[in-house]
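S.K.: Sequences are here, hints too, so could you generate the full structure?
Residue numbers (the working numbering), protein chains in the order written: chain A, 1 to 285; chain B, 1 to 278.
Quick caveat, the hints were computed from the structure, so don't treat them as lab data.
Do not take every clue at face value.
[To be verified] Straight-line C-alpha distance at most 27 Å; calculated DSSO-like pairs for lysine-lysine:
# : chain 1 : residue 1 : chain 2 : residue 2
1 : A       : 83        : B       : 79
2 : A       : 144       : A       : 83
3 : A       : 144       : B       : 79
4 : B       : 132       : B       : 149
[To be verified] Where chain A lies over chain B, by a calculated footprint (3+ residues, C-beta under 8 Å):
# : region
5 : 92-99
6 : 103-111
7 : 116-126
8 : 156-170
Every residue gets a Cβ at the ideal spot worked out from N, C-alpha and C, and that includes glycine.
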Amino acid sequence: MDYILSVVTLAAINMIAVLGLSIFTGFTGLFSFGHAAFVGVGAYASAILTYYYYVPFFIALVAGAFAAAAVSLIIGVPTLRAKLRSDYFAIAILGFGEAFRVILENLEITNGARGLPGIDSFTTLPIVLVALAFSVWITRNFLKSRYGVACIAIREDPVAAEMSGVGLFRTRLLSLVLSAFLCGLSGGLMAHFLSFIQPVMFTLVQSTQLLAAVIAGGMGSITGPLFASFLFIVLPEALRVANMWRLVAYGLMLVLIMIYRPQGIMGYQELPDLFRRKISRSGTK
Amino acid sequence: MAHLLEMENLTKDFGGIRAVDSLTCCVDEGSITGIIGPNGAGKTTVFNLITGVYRPTTGAILLEGASIVGDRPDVIVGKGVTRTFQNIRLFNRQTCLENVMTPLLQRTPCSLFSALLRTPHARRVDRTVRAKAMSLLVAMGIESYADAKASTLPYGLQRKLEIARALAAEPKLLLLDEPAAGMNPEETRSLADLIARVHADFNVSILLIEHHMDLVMNICSPVIVMNFGALLAVGRPDEVRADERVIGAYLGRKKRDGNKAAAPEGAEGEDRHAGARR
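M.R.: This is the structure we're talking about:
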């Protein structure tokens, strides 16, 4: 029971980070291979606060999220101001993510490559679920507002978006900051759940997994990536009985999704949309 | 009439190519001004210069007497200049209503805090913007497609949706880049009516690029003629139509007597040929 609980908790923590990346990739149309770094900033910032300074967990968690948002400005301002195209930006942020890991490995306060052991495990499933619900609510509100609408317009057509009065730099930066904020929140929860963090937990591999969840789940969707990220955490655990084959199954699942649903599980729609369409279709018959 | 938009000695070079060559002309407030000219004359480049997509090499662009050179495109939109595109650019995966709501929302102040928490203020903004967007769709006669994805609309309606979206930014000056491209004569006529109605109902000045001569001759005055990036002629449609240089630019002309028959000259011949260009 404890085991299942911890897998679900971990999945829910991961879902918050995927939700964050979904704002940036799925709704604003910019790819990122570096969002694990923002998870890392949140994890380390909040862990350092509770570990060394005995800051209350909740405050540390919020501070971690804000720290990630602040760090995103460092990479976001120069690259997004230069209006780098999506693929070039992805490479720039990849470099940023790797540089971040090297910094973590060489700082005194992060305890270098050995990582921080013995962080108090404050994170419980109810806390994670509340954080997840809050994140989904914020994201949904954001996407309905002028800011989110501007993000979607940029994804659809940057030139037409500008002609609708959307500032490209401002909007993309805001999208990055909000997505980093959610990733940072996820990182803080993760640090206080695993009670141990080290730099290799926040590398390109993790960034790629986040991005895979967004793309397999579906661009321009909230529910799709959430579902996909849950699947990606739970399925390898469920397949533990199959030993080494579980990783093959994981890869196979990705390949199959991309072949049979290249737009992702829920590309450009939400779960409630599907039900609504079914109702209206059966209503006309 | 006051000048709404003035261009003075506007020049744009792309490498060694001079796309716009010291163009000086203006758009009067309340007018429907047409720009015509052979392909490659620099008409769309002028639009891109006005809207801030390109920065002029030299020259000035004044909107209501104030320079807009160097402003970002979204700032220029905020000052009251919007446009449509030669090859339609819609937010394809968004519904028609959402397409029109996008520029409206950008003009409606709402703090980030209020937006993230969806305060009553944010809800109110959403409701009023939705109603305004709907009224624009009604004005274009496409309200029945409000919830359809923009990409699913037939071509002619996509044009109308794009005009609705441009109007949603509440412009003083509306730039239309070949609005009748790809339309048959009947569709072109109804488009001309629509443009005339938009001009009257929304109190907006219009600058339009078009190859359909009948459309230009019917609703535009004055007409600006460009050739090789430079101003060739300006005047009322009938004046322009009779202008020797315009006829030369459109049809080409034999400089000396050749073996082949000379291209037909005179107003009537020009009219027929130009009208049949597309």
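S.K.: So, against the hints stated earlier in the document, which numbers end up violated here?
M.R.: none
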